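Chemist: Here are the chains, one letter per residue:
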Amino acid sequence: MFELLQDYTVQVVVFGSAVTGGTSGALGCFAYLRRQSLIGDVISHSSLLGIVGFFWLGFLIAGDGIKSLWLLIPGAIVAGLAAMLLTQWITSSTKIKPDAGLGVMLAIFFGSGLTMLRIIQRLSTPIPGHAGLEDYLFGMAAAMTRSDLWMIGLLTVVSFLCVLGSWTRLKILTFDAEYAAGLGLSTRLWEFLMLGLLVIGIVIGLQIVGVVLMVAMLIAPASAARQWTNSLGSMMALAAVIGSACAGAGALISSAKSGMPTGPVIVILLTLVVVISVLLSPGRGVLMRRRSLVH
Amino acid sequence: MESAIKTHQLTVSYGVNTALWNVSAYIPAHQVSAIIGPNGAGKSTLLKAILGMVPTVSGDIEVIAADGKPAANRAAAASSIGYVPQRSTVDWDFPITVLDLVLMGTYQRLRWFQRPGKIQREEALHALEEVQMQDFARRQIGQLSGGQQQRVFLARAFVQNASIYLLDEPFAGVDAKTEAMIVEILHRLRDAGKTVSLVHHDLTTVRRYFDHVILLNKQLVSCGPTESAYTPEYVQKAYGVEGMQLDGSDRNGSDGNGSDRDPGNV
Numbered sequence: 001m002f003e004l005l006q007d008y009t010v011q012v013v014v015f016g017s018a019v020t021g022g023t024s025g026a027l028g029c030f031a032y033l034r035r036q037s038l039i040g041d042v043i044s045h046s047s048l049l050g051i052v053g054f055f056w057l058g059f060l061i062a063g064d065g066i067k068s069l070w071l072l073i074p075g076a077i078v079a080g081l082a083a084m085l086l087t088q089w090i091t092s093s094t095k096i097k098p099d100a101g102l103g104v105m106l107a108i109f110f111g112s113g114l115t116m117l118r119i120i121q122r123l124s125t126p127i128p129g130h131a132g133l134e135d136y137l138f139g140m141a142a143a144m145t146r147s148d149l150w151m152i153g154l155l156t157v158v159s160f161l162c163v164l165g166s167w168t169r170l171k172i173l174t175f176d177a178e179y180a181a182g183l184g185l186s187t188r189l190w191e192f193l194m195l196g197l198l199v200i201g202i203v204i205g206l207q208i209v210g211v212v213l214m215v216a217m218l219i220a221p222a223s224a225a226r227q228w229t230n231s232l233g234s235m236m237a238l239a240a241v242i243g244s245a246c247a248g249a250g251a252l253i254s255s256a257k258s259g260m261p262t263g264p265v266i267v268i269l270l271t272l273v274v275v276i277s278v279l280l281s282p283g284r285g286v287l288m289r290r291r292s293l294v295h
Numbered sequence: 001m002e003s004a005i006k007t008h009q010l011t012v013s014y015g016v017n018t019a020l021w022n023v024s025a026y027i028p029a030h031q032v033s034a035i036i037g038p039n040g041a042g043k044s045t046l047l048k049a050i051l052g053m054v055p056t057v058s059g060d061i062e063v064i065a066a067d068g069k070p071a072a073n074r075a076a077a078a079s080s081i082g083y084v085p086q087r088s089t090v091d092w093d094f095p096i097t098v099l100d101l102v103l104m105g106t107y108q109r110l111r112w113f114q115r116p117g118k119i120q121r122e123e124a125l126h127a128l129e130e131v132q133m134q135d136f137a138r139r140q141i142g143q144l145s146g147g148q149q150q151r152v153f154l155a156r157a158f159v160q161n162a163s164i165y166l167l168d169e170p171f172a173g174v175d176a177k178t179e180a181m182i183v184e185i186l187h188r189l190r191d192a193g194k195t196v197s198l199v200h201h202d203l204t205t206v207r208r209y210f211d212h213v214i215l216l217n218k219q220l221v222s223c224g225p226t227e228s229a230y231t232p233e234y235v236q237k238a239y240g241v242e243g244m245q246l247d248g249s250d251r252n253g254s255d256g257n258g259s260d261r262d263p264g265n266v
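Just so you know, the protein sequences line up as chains A and B, in that order. For the first sequence, position 55 (counting from the first letter as 1) is numbered 55 according to this note's numbering, and the numbering increases by one without interruption. For the second sequence, position 20 (counting from the first letter as 1) is numbered 20 according to this note's numbering, and the numbering increases by one without interruption.
This is chain A alone, in the form it adopts within the complex (with noise of 0.2 Å):
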C-alpha cells in the first residue's frame, strides 16, 4: 500500500479525496444540526438527474462522451437544486407535507436518473465514454483527474470563503433561524446560501462516494464530532479531519482492490469512528454515561 502512495494517480486520487471528505464533512456540520440529513438525501441522489443529463447534453453539443467535473457537478447542481425548490414549491402549493414531499421526489429524480442511465448505457450507437457513468451510484475515486482536482479546489475554496465571511450570521441562522430573522437578516437570502452550501458539500462528493452514499459523507463526520466537543467551530474543525481521514483512506483501499466502488468503503470507515465516538467520548459517550450511573 506504501507502494501505491509512491504512484502519482493514486497521489492525485487520494488528496482529492482527502480534500473532499474534509470539504464535506465541514459543511455537513450545518447540516447535522439544522436537521437536514434527510434533505442531503434527497439532493444526493437526485443529483443522479443532472449528471446523466448533462453526460448527455455534453454528447450532444460536444459529440464526445466528456466525464469532466467540470461539466457533471454543475449538472448535479441544477438537479439537487430543482429537487429541493421543487418539494418546496409542492409542500407550499398542496397539503403534502415535508417529509413525504422529499420523498416523492427523491423517488422521481433518482428514478428517473437510474431510466436515463439505463437508456444511455443501452444506444445502439454507444457515446464514447459511457460505462464510467455508472460509477456515480457508489462512487469510484480512481476515475479522478488533475482537473477534477481544479474543480474540488475551487468548490472547497469558495465555501470556505462562504463560510469564514459570514461565521456570525451562519450561526445565528443555524442555531435560531427565527431569531436571525428578527434581527433583520434575510431569511429567503440566507436560506439560499446555507441551501448553496449544503448542495456543495454533497456534488463536491459523487464522484468519489457516489449518489447513493453521499448522504453518510456528509452527516457521519458531524455526529461523530459532535460527541467530542462544545463549540462549532471545533466540531466543524473536527468533522473536516474525520472526514477527510476517512475519504483519504478510503481512496487509498479501494485503489489497491483495482474495480471496488469507493464509496462503501469510506462509509464504512466513517461508521467505525461514528461507532468509537459514540461509545466512548467524555460526557456524551453511551459507555462514559453508565459508568457515571454507576458512581
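None of these hints come from the bench; they were simulated from the model. Please read all numbers here as calculations on a predicted model, not as lab measurements. Backbone N, C-alpha and C define an ideal beta-carbon position, used for all residues, glycine too. Take the hints with a grain of salt, since some may be wrong.
As the list claims (entries may be wrong) - A short, non-exhaustive set of chain A residues, derived as facing chain B with CB atoms under 7 Å:
| # | residue |
| --- | --- |
| 1 | VAL163 |
| 2 | GLY165 |
| 3 | TYR179 |
| 4 | GLY182 |
| 5 | LEU183 |
| 6 | GLU191 |
| 7 | MET235 |
| 8 | ALA237 |
Please build the complex by placing chain B on the supplied structure of chain A, with the hints as guidance.
Modeler: Okay, now just chain B, sitting in the frame of chain A:
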C-alpha cells in the same frame, strides 16, 4: 401618550386561518406593557409581525427608533428592537457556550469576515452580569436550567443595545425566583428609558407587573393603561369566561380557566 410601536388596522393570516384581524394598537414608550389573550389569540404573531417575521395581509406597523423618528426600513426597525424568542424554539443541545450565544446579539455591528472581538466579549460579559449569569459564561448551553436559559436570552437582547425589548413569554417554565428577578430587570430597563413589551400568560400578576396592557383575541379587545384596559369586563370579552380572578389573591384561580403555559401557542 408617546408610543414606541404603533400598528394600524393590522391583519395577519396563516393560510386560511386569520391570526390577527384589524388590530390598531400601540406599545407605549418607556413603559412595561403586556400582550395578553387566550391561546391562539395572536399574541406571538403580533410580535412576529412587528419584527417582520411573518408577512402581513394588510395594515401598517410603525416602529419609532432610538432617535425618536420612525424607522425608515426593516433593518432600522430590527436594530432598534431586542427580541427574546420563546425558549422552546431552539435546540439547547447546540454546540455553543453561554458567551457565544450572548455574542450573537452583537452581530449587527459586525462586518463581513469580522468575528466578535475583545470589545464585544466585554459587552457580552457585562450583559451576563446584569442577569447574574457571569459565572456560566464558559458553560455549554445544554447545561442550563430553564430559568438560566431565559436569563441568557435576556443578556443576548441586552448586548444589542436596543431601545425596545420584545419578549415572547419570558416566564414560561421558569421558577418563581427567576420570574421575580426577570421582572426586576425589566423594570430597571424601563427606568433607564427603554421600552419593554412581553407576551404574558399569568393573569394574576398583570396588575403588579405592567403599566400598560394590550388585550387581544385575534381582534383588539383593549389597549391602554392597566387600570383602564385591564378590567373584568375586557378580560371576560377576551377570554369569554365569567368570574375570572384578576388580582394576585388566588394564584391558581385563573390557570384553570383561560390562561395556560403552553409554549407552542401562537
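Chemist: Hint by hint, where does the structure go against what was stated? Just the numbers, ascending.
Modeler: 1, 6, 8
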